[in-house]
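Asker: Chain by chain, the residues run as shown.
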Amino acid sequence: MDSMRERFTQTTTDLLDERGDVVVVLADIGVAGFVESGAVGRHPERVINVGIREQLMIGLAGGLALEGMRPIVHSYAPFLVERPYEFLKLSLGHQDVDAVLVSIGASYDAAAEGRTHQAPGDVALVSLLPGWSVHVPGAAEEAELLFRFAVARGGRHYIRLSTEANTTTVTTEPGRVVPLRTGSLGLVVAVGPMLQPTLEAVEDMDVTVLYASTVLPFDGAALRAHLPRRSAIVLVEPYAAGTSAHQVSAYLSDIPHRLLSLGVGDAELRKYGTGEEHRAAHGLDAAGIRAGVVAFLEGADQRGSAVR
Amino acid sequence: MKTTTSRDGSAELHRLISLMTGDEKHSAAANSMLDVLWVLYTRVLEIDPENLSDPLRDRFYLSKGHGPMAYYAVLAACGFIDESLLTTWTAFDSPLGTHPDRVLVPGVEVSSGSLGHGLGLAVGATLALRARHLAAPRVFCLVGDGELDEGSNHEAIQYAGRMELDRLTAIVIDNRSSTHGWPGGIGLRFTTEGWTVDEIDGTDHDEIEAALADHPRLGPHAVVARVPRGA
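Sequence lines, in order, name chains A and B. Using the numbering used here, the first residue of the first sequence is number 130, and each one after it goes up by one. Using the numbering used here, the first residue of the second sequence is number 153, and each one after it goes up by one.
If you are wondering where the hints come from, they were derived from the structure by calculation, not from laboratory data. Some hints here could point you the wrong way.
Taking lysine to any residue pairs in the SDA-like style, the calculated list, with each CA pair at most 25 Å apart, reads [unchecked claim]:
1. A:K218 x B:G265
2. A:K218 x B:D245
3. A:K218 x B:L171
4. A:K218 x B:E198
5. A:K218 x A:L345
6. A:K218 x B:G303
7. A:K218 x B:D253
Only chain A is shown next, with the shape it has when bound in the complex:
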């Protein structure tokens, strides 16, 4: 099975062939893939590598968009979102122009590389800027579907790719949250690659599981439609815990509810190792999620065990 990033490179190469207005903007990272795919050879004027210059990477994309092009910008999440953040705000948003930003690295894909290459705050940061949609695919097939949708749809999109992925693909209409199973004690919303450990964690629990691969705008209607009577919600996010909590709360502002946000913690771990080890350290492996959900549900359930 190919990775999300390989799928992105191939799909972008196809889009460059299909559409004359698509331009890829890179800052050294990812260039080799586009050389290998033939995109650089076939479209030298529409595969732009600015070198290690991330402010220019975003600013230049804004200029391309001002002239009617559809820029796709790709880099590691910290260098795509955090370093040039004001350029997202001003050279794109404030100019009233659009781009599709596609990141790799996520929260802890680069475990051994350390803090410099990790961006658990990326989705929260993008969410603060007006007009952006955010997609968090859980598998390569979903990444292609969401990416093609974003390019075709227009507007500003942030697509967060990761090496952390589910082994199964959930096919959804882009933007929609889908129910995977139903229960009565609570509602667990798993985002992107958090689905697999979440399903494992709650396998024997009487809870509804929803899957979200687009988190901005959040599909609040689906959330309300599947809310069980007890209105206990667990949000499992592969980035900063609680990133979408305010959206969830806003959609449920007229319904008394409890909300537990599981995600990457604020503290800097200063650990290397593997992504799996980081996942466990943040309590986002199946055992960690299970412990969080059980404590949350049993804390409010006078009948006792959440496990059936």
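Fit chain B to the supplied structure of chain A, relying on the hints for placement.
Answerer: Below, chain B without anything else, positioned relative to chain A:
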């Protein structure tokens, strides 16, 4: 560009600026670029207020968005915006703030105010025109010597030189406002990266016109326009 005012334009522009500032004293930032803007809009730029979306028009990006009264005055004198708008300057519902917004003001190509954004945008626009095989339009970007402190400008200067963006022209208004200065001169920052450079008196209209004239070039061009310190 036809206008109803004198070739020098100064009396008319000062009257228009006074509609905003309410007196004859204008901010340094406004004055420093008045002559360059006037020459650009009356003698250099191929743009038509009646067809602002013409893909073959020249693009002018005011990166140094500070003190845009001179900019608004020139846009009014040249028919891009109605003179009556000038009296609304900085009011809640006015399209004219102390930093220009392209969404609100006809003829304003980029929104600016935070320093160091214009050149990157201009590089992107120039590359888009190249990819679309539109060879005629030129892209101009006006920055200040203090604005050059921002590192993002140097990312753009380096890359534009390497890519030989011959339709791009940067205009640096030099009123020596950069806190730590530019030893060896501002032009050196451009020539090192493969740009051609003209250093001119930024108040001499014929010098400005000559420096901004369209010549076949091998790479991007920079015009360093010296104006009085504090102007």
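Asker: Each hint: holds or not?
Answerer: Here is what the structure says about each hint:
Restraint check for A:K218 and B:G265: the C-alpha separation of about 13 Å stays at or below 25 Å, so the hint holds. A distance of roughly 22 Å separates the Cα atoms of A:K218 and B:D245; the hinted pair therefore holds under the 25 Å criterion. For the proposed pair A:K218 and B:L171, the alpha carbon gap of about 32 Å is over 25 Å, so the pair is violated. Proximity of A:K218 to B:E198 is assessed by CA-CA distance (about 30 Å); at most 25 Å being required, the pair is judged violated.
Of the supplied pair hints, the one linking A:K218 and A:L345 holds, its CA atoms being roughly 17 Å apart against a limit of 25 Å. Between the alpha carbons of A:K218 and B:G303 the distance comes to roughly 18 Å, so the proposed pair stays at or under 25 Å and holds. Among the hinted pairs, A:K218 with B:D253 is consistent with the structure: their alpha-carbon atoms are about 14 Å apart, no more than 25 Å.
Hints 3, 4 from the earlier list are contradicted by this structure; the remaining hints agree with it.
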